[in-house]
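Chemist: Read off the chains here:
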Amino acid sequence: MIPNTKFVAAEPQFPTPCRKPVQSTSLCGKTVIVPIRQVECSTPKIQLQEVSLSYQTDTGSELLALDRIDLDVHPGEFLCIVGPSGCGKSTLLHLIAGLQKPTSGRIAMDGDSVTAPGTDRILIFQEHGLFPWLTVGQNVEFGMKMKGLSKAEREDRTRHYLRLVHLSQFKDSRPHQLSGGMRQRVALARALATEPDVLLMDEPFAALDAQTRDMLHDELEKIWAETGRTIIFVTHNVREAVRLGDRVVLMSFRPGQVKKEFVVDLPRPRHLEEVEVARTAREILDQLRDEINKSLEAEYAHERS
Amino acid sequence: MSVANHSDLSTAVESRAIGVRTDHAAPTRLQNRRTTGRGILRRITNQVIFYSVLLGLWALLAKLRIWPPYLFPAPWAVASALWAGLQDHSFLIGIAVTMKRMLIGYSLSVVLGMILGLAVASNKFLEETLGALLVSLQSLPSICWVPLAILWFGLTEKAILFVLLMGCILSVTIAMEDGRKQMPKIYTMAGRNLGASGFRLFWYVMLPASLPYIVSGLKQGWAFGWRSLIQAEMIFLTIGLGQLLMMGRDLNDMSQVIAVMLMIIALGYLVNRLVFRTMERTLQSRWGLAPNA
Ligand SMILES: Nc1ncnc2c1ncn2[C@@H]1O[C@H](COP(=O)(O)OP(=O)(O)O)[C@@H](O)[C@H]1O
Ligand SMILES: [Mg+2]
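Keeping their order, the protein sequence lines are chains G and A.
Mapped onto the working numbering, the consecutive letters of the first sequence carry residue numbers 1 to 305.
Mapped onto the working numbering, the consecutive letters of the second sequence carry residue numbers 1 to 293.
Since the hints were derived computationally from the structure, they do not count as laboratory data.
Cβ atoms here follow ideal geometry from the backbone N, Cα and C, with glycine treated the same way.
Misleading hints may appear alongside valid ones.
Just so you have them, the derived chain A footprint on chain G, three or more residues with Cβ under 8 Å [said to hold, decoys possible]:
#	region
1	158-171
2	252-259
3	263-270
Simulated crosslink set (DSS-like; lysine-lysine; CA at most 30 Å straight-line) [as the list claims (entries may be wrong)]:
#	chain 1	residue 1	chain 2	residue 2
4	G	260	G	294
5	A	158	A	219
6	G	145	A	158
7	G	222	G	171
8	G	294	G	171
9	A	158	A	124
10	A	181	G	147
11	A	181	G	101
12	G	101	A	124
13	A	185	G	147
14	A	124	A	63
15	G	151	A	219
16	G	151	G	222
17	A	185	A	100
18	A	185	G	101
19	G	147	G	101
20	A	181	A	100
21	G	260	G	222
22	G	147	G	260
23	G	259	G	101
24	G	171	G	145
25	A	100	G	171
26	G	171	G	147
27	G	259	G	294
28	G	151	G	101
29	A	63	A	181
30	A	100	G	145
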């Protein structure tokens, strides 16, 4: 169902994200300061200050899911967040989306505190969250309808974004008639159609087959380059993070903290199979290993009990 | 716990993903249709056999005259009673009056039940107090409301409707409340995320998301309401199917009693089939719910 067309990115001009000097880890493990392309920085697009969140567990105890997270996301940046499962990645995105409130700390967008969901930040859920009572086309239209766009414009954009994810012929299908990968693409189209400033993506491609994912990587990179959107992309696939991100933030497991940041300075467009991408991913994975082990141990401890 | 197995998350994810088929929906659907097609044929055959045997046994017992015919009428006596009742319009009038009551009472119950259900679901205090009360009230057979209805309304149409309402409304209310509480959280989150809030969140997201619960509440409400109504009619003795039943008893006409019982069953079955099965089917095919969900 995916047309056999090649996606020749028409030499998109990749933006140079505005960055503060970022401390990062070089490939040989020494900490270096990465050269900055553009020193002068406006206010961060998204800013997290000392953000913590604890969940009330069933047993009544408190689970500290996020612990004093400090994070600046710059306008137009493609930020990837990696971490073992259960480290609070989804929670972090929900907080930025305004669907949850932090226990303490402050989240700001363009300098203003985030208190509620807004169509300037659209989240693509890990489990797509399409509405089963609507057709694919109506799902894509939903956000635009809530924004109050005219019928004509809604139809226009629906057509455009469905074509972008190669699902034009499924406009009148129901979500349950599509495969998991197709549903995730509908969710992508639905988010893009509202044209948000910030796109929050929660492991959106985890369930996709390799070809579809490669295609969507290219597509997403192109959309990002053309529109200058800010993207926060959560994944547990380090290679994917390196493939896409300007910067990769590594989160630790329980408590969820920012363990390390890596600036990915490889030229774009990149490919998942590139040696450089693999090498950088390897480097990050070395750091991630401890956290994965911690998360697995927690899982097994739970199973044993 | 070895690290090596998990040393490269990315390749692990890739190899898992390669096996994913991208369109598995179509073949499954076709398969389903074929098996249900064959299943329906088999079911009809079975039912024809079952009812033939049942009717044969009944005819045999009646022929043997173990019991006198006024206590145990033959199938043909019931058939002729049915025919006579339809001929002189008494059954038709009974059906019309009963159905009219049902429609009025049921519509009222649905509207009030939904409002009540929404109120209970949207307010923590009401949920913990009124919600719990409603659940316990549902264990009360609706016939228990008859004395109260008579004292309040006398032997009137209103009293019958009241009993019907009490039998029906709680199912709708509780289903509505269940729908609000049990529908997957992701739908409201997705709705809020896409800019819906307040009334629009309710109207465009929460209401449709709880539709499966609402439909099952409507169905159960109808079944309970139908029983309550017939019971009430038997006591109040105004025109209607319940009254026809009692009339058969008063005239010692067992054929009429059974004929009316058959009509009550048939009407209940028809409404269920035509209205509620259709609703459920539509929902299933649109939402992709499992046929027995
Ligand atoms: N609603 C909740 N109630 C209690 N604990 C939760 C809830 N949601 C998530 N958690 C816990 O918080 C931690 C972080 O969850 P999550 O953000 O989903 O992690 P990730 O997306 O990185 O896998 C996990 O340990 C999870 O068990
Ligand atoms: Mg998650």
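Chemist: Would you mind marking each hint as holding or not holding in the structure?
Modeler: Each hint tested on the structure:
{"no.": "1", "hint": "158-171", "result": "violated (count 0)"}
{"no.": "2", "hint": "252-259", "result": "violated (count 0)"}
{"no.": "3", "hint": "263-270", "result": "violated (count 0)"}
{"no.": "4", "hint": "G:260 with G:294", "result": "holds (16 Å)"}
{"no.": "5", "hint": "A:158 with A:219", "result": "holds (23 Å)"}
{"no.": "6", "hint": "G:145 with A:158", "result": "violated (45 Å)"}
{"no.": "7", "hint": "G:222 with G:171", "result": "holds (23 Å)"}
{"no.": "8", "hint": "G:294 with G:171", "result": "violated (44 Å)"}
{"no.": "9", "hint": "A:158 with A:124", "result": "violated (33 Å)"}
{"no.": "10", "hint": "A:181 with G:147", "result": "holds (27 Å)"}
{"no.": "11", "hint": "A:181 with G:101", "result": "holds (21 Å)"}
{"no.": "12", "hint": "G:101 with A:124", "result": "holds (20 Å)"}
{"no.": "13", "hint": "A:185 with G:147", "result": "holds (22 Å)"}
{"no.": "14", "hint": "A:124 with A:63", "result": "violated (64 Å)"}
{"no.": "15", "hint": "G:151 with A:219", "result": "violated (36 Å)"}
{"no.": "16", "hint": "G:151 with G:222", "result": "holds (27 Å)"}
{"no.": "17", "hint": "A:185 with A:100", "result": "violated (40 Å)"}
{"no.": "18", "hint": "A:185 with G:101", "result": "holds (16 Å)"}
{"no.": "19", "hint": "G:147 with G:101", "result": "holds (23 Å)"}
{"no.": "20", "hint": "A:181 with A:100", "result": "violated (34 Å)"}
{"no.": "21", "hint": "G:260 with G:222", "result": "holds (27 Å)"}
{"no.": "22", "hint": "G:147 with G:260", "result": "violated (38 Å)"}
{"no.": "23", "hint": "G:259 with G:101", "result": "holds (22 Å)"}
{"no.": "24", "hint": "G:171 with G:145", "result": "holds (16 Å)"}
{"no.": "25", "hint": "A:100 with G:171", "result": "violated (43 Å)"}
{"no.": "26", "hint": "G:171 with G:147", "result": "holds (21 Å)"}
{"no.": "27", "hint": "G:259 with G:294", "result": "holds (14 Å)"}
{"no.": "28", "hint": "G:151 with G:101", "result": "violated (34 Å)"}
{"no.": "29", "hint": "A:63 with A:181", "result": "violated (57 Å)"}
{"no.": "30", "hint": "A:100 with G:145", "result": "violated (41 Å)"}
In this structure, the earlier hints numbered 1, 2, 3, 6, 8, 9, 14, 15, 17, 20, 22, 25, 28, 29 and 30 are contradicted, and the remaining ones agree with it.
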